[in-house]
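*Asks:* Same order as they appear, the protein sequences are chains A and B. Residue numbers for the first sequence follow our numbering, beginning at 1 and rising by one. Residue numbers for the second sequence follow our numbering, beginning at 257 and rising by one.
One or more hints might be untrue.
[What the hints assert, rightly or not] Below, computed lysine-lysine pairings styled on BS3-like, alpha-carbon distance capped at 25 Å: (1) A:K196 <-> A:K145; (2) A:K172 <-> A:K58; (3) B:K488 <-> A:K127; (4) B:K546 <-> A:K145; (5) A:K172 <-> A:K127; (6) A:K145 <-> A:K127.
[What the hints assert, rightly or not] Partial selection, computed: residues in chain A whose CB lies under 10 Å from chain B: (7) Y73; (8) R94; (9) F97; (10) H103; (11) L187.
Source of the hints: derived by calculation from the structure; they are not laboratory data. C-beta atoms are modelled at their ideal positions from N, C-alpha and C, and glycine is treated no differently.
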Amino acid sequence: MSPQPAMVEVRAVHKSFGPLDVLKGVDLRVAAGEVTVVIGPSGSGKSTLLRTLNHLEKVDSGTVAVDGTLIGYRRSGDRLYELREREILRQRTRIGFVFQDFHLFPHLTVVENLTEAPVSALGRSRKAATATALALLDRVGLADKADAYPRQLSGGQQQRVAIARALALEPKLLLFDEPTSALDPELVGEVLDVIKDLARRGTTMIVVTHEIGFAREVADTVVFMADGRIVEQGPPGQLLDAPREARTRAFLAKVL
Amino acid sequence: MPLTAEPPAATSAPPGADGPETLRVVPVRHPWRWAAVAVTAVLLAQFVHGLATNPAWEWAVFAQYVTAPAVLHAVGTTLRLTAYGTALGFALGIVLAFLRLSASPFLRAVAHGYVWVFRSVPLIVQLLFWFNLAYLYRRIDLGVPFGPGFFSFPTTDLVGAMGAAVLGLALHQAAYAAEIVRGGVLAVDAGQREAAAALGIPRLRQLRRIVLPQAMRAIAPNAANEVISLFKGTSIVSVMAIGELFYQVQVIYGRTGRVVPLLMVATVWYLLLTGALSVLQHHVERHFAKGATR
Numbered sequence: 001m002s003p004q005p006a007m008v009e010v011r012a013v014h015k016s017f018g019p020l021d022v023l024k025g026v027d028l029r030v031a032a033g034e035v036t037v038v039i040g041p042s043g044s045g046k047s048t049l050l051r052t053l054n055h056l057e058k059v060d061s062g063t064v065a066v067d068g069t070l071i072g073y074r075r076s077g078d079r080l081y082e083l084r085e086r087e088i089l090r091q092r093t094r095i096g097f098v099f100q101d102f103h104l105f106p107h108l109t110v111v112e113n114l115t116e117a118p119v120s121a122l123g124r125s126r127k128a129a130t131a132t133a134l135a136l137l138d139r140v141g142l143a144d145k146a147d148a149y150p151r152q153l154s155g156g157q158q159q160r161v162a163i164a165r166a167l168a169l170e171p172k173l174l175l176f177d178e179p180t181s182a183l184d185p186e187l188v189g190e191v192l193d194v195i196k197d198l199a200r201r202g203t204t205m206i207v208v209t210h211e212i213g214f215a216r217e218v219a220d221t222v223v224f225m226a227d228g229r230i231v232e233q234g235p236p237g238q239l240l241d242a243p244r245e246a247r248t249r250a251f252l253a254k255v256l
Numbered sequence: 257m258p259l260t261a262e263p264p265a266a267t268s269a270p271p272g273a274d275g276p277e278t279l280r281v282v283p284v285r286h287p288w289r290w291a292a293v294a295v296t297a298v299l300l301a302q303f304v305h306g307l308a309t310n311p312a313w314e315w316a317v318f319a320q321y322v323t324a325p326a327v328l329h330a331v332g333t334t335l336r337l338t339a340y341g342t343a344l345g346f347a348l349g350i351v352l353a354f355l356r357l358s359a360s361p362f363l364r365a366v367a368h369g370y371v372w373v374f375r376s377v378p379l380i381v382q383l384l385f386w387f388n389l390a391y392l393y394r395r396i397d398l399g400v401p402f403g404p405g406f407f408s409f410p411t412t413d414l415v416g417a418m419g420a421a422v423l424g425l426a427l428h429q430a431a432y433a434a435e436i437v438r439g440g441v442l443a444v445d446a447g448q449r450e451a452a453a454a455l456g457i458p459r460l461r462q463l464r465r466i467v468l469p470q471a472m473r474a475i476a477p478n479a480a481n482e483v484i485s486l487f488k489g490t491s492i493v494s495v496m497a498i499g500e501l502f503y504q505v506q507v508i509y510g511r512t513g514r515v516v517p518l519l520m521v522a523t524v525w526y527l528l529l530t531g532a533l534s535v536l537q538h539h540v541e542r543h544f545a546k547g548a549t550r
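The task is simple: from the sequences and hints, build the whole structure.
*Replies:* Dropping the structure here:
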């Protein structure tokens, strides 16, 4: 067990889409300051699990807590009451989410993409939000693109803007949903470099990815999911080089 | 000349033996296009010649009335009807569009029913209904539903002819506006809404700042069509004896008997103002195209 307090505590989460059981009882604990990389075949439920962590996906049963607070529900006795949308939106400002397809706002400039949520969700002044935004753009190496529109940028640049946009809210936890899967191969590196830099600064992150090399280099813990369950988890050296489970070995044999 | 050339003999010079820089590109000729241009030009010239020389157009009468105070006042009334009809129609249309996108089947069905009814009933029939509202309901009460009323007005005081016209145009317009707005909102990638939600942006702000500006790209051309169509549709209001443009020219030619030049007065005003609306449309579309191109 990690000595640090848990940043994320997932307990017995079930989720189905109609007849399809996507998550079949998932438990996961992520300590503060750790980088957790989730790998597994398509349809194993990795992205769905990630999306339950900020309540983009409701759970059918089980609980998700981030930094000691239940996400999406309020507990009273043995009942969970779903929170109002406004309360859920407030919870999400503490959890950054980076999408596979970036989902930048195309009609806003890069700097407006970064200031929109701090101004409207946290009530920051536009001036302060702009200063933070410019500093973050500098950090992801895009200071000169502040006034560009997203469609004028390459995929890798757009994803770096999307990461800066998530960071603009100063979240306690960052979630990445296959952040490099929509990128041309030569652009993957620049995005991974930004994520590695965040890891070195001690940001708590959960990254769903197919980049095994990245997992080996950056992860504190690698989680292997298959068929709606966590099959095994452990430090990258153990899980990637000496997996205990046959499913893990079979998956790694295909992707390595 | 045969369609397939004989294979060149091994001894013949390769094409462009003089060097490619000496070869000139000859664009393909379009003789029929030129013929069509000539025919169209002749027809157009005939039409313009007819307009200018046929005394029946009575251009002197046209000139006398086109800027007459009564006509200008009527143009103002037409523009007011268009403005109120558009503003109220689109305001109600936006509400209806979001009712149709609501999670409640009841609200969806009500909005759907509204669109069905108001797209089905011809505008002129509907306008006459509103005009006769005072016959259906003599007084309008404000108060508890099915309970006691606190304020009561005679219907004719509240809904005069102009009010009935605006009401009719707006309710008719709302049905079309609802569909246009709904289509525009559906055209915005669901990921945009999701990204805004993931950032914790408040719901109304998501709509106003993220969804609607992008939906406007799809909404603007159709909305412009609707405004222009409503602008001309105001002429139907003439059946209610409201002094808009078409009613006014009818009154004048009823008195003077100069039908054609006065219809021309109305036509020229409709052309000019539709042209102005098209220019406005161009600018609106350009505004909402921000960031759409590289």
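*Asks:* Look at each hint and say if it fits the structure.
*Replies:* Each hint tested on the structure:
For a cut-off of 25 Å, the pair hint linking A:K196 to A:K145 stands: about 22 Å separates their Cα positions. As the CA atoms of A:K172 and A:K58 are separated by approximately 21 Å, the hinted pair is consistent with the 25 Å bound. Between B:K488 and A:K127 the alpha-carbon distance is near 47 Å, which puts this suggested pair outside the 25 Å criterion. Pair hint B:K546 plus A:K145 holds up; C-alpha atoms about 16 Å apart against a cutoff of 25 Å.
Distance check on the hinted pair: A:K172 and A:K127 sit about 23 Å apart at the alpha-carbon level, within 25 Å; holds. Of the supplied pair hints, the one linking A:K145 and A:K127 holds, its CA atoms being roughly 18 Å apart against a limit of 25 Å. For A:Y73, the interface hint is violated, the least distance from its beta-carbon to any beta-carbon of chain B being 17 Å, above 10 Å. A distance limit of 10 Å between C-beta atoms decides the matter here; for A:R94 the minimum to chain B is near 8 Å, and the interface restraint holds.
A cut of 10 Å between beta carbons decides the hint on A:F97: the least distance to chain B is about 4 Å, and the hint holds. Taking 10 Å as the C-beta cut-off, the interface hint given for A:H103 holds, the closest approach to chain B being about 4 Å. Hint on A:L187 is violated. Least Cβ distance to chain B is approximately 17 Å, over the 10 Å limit.
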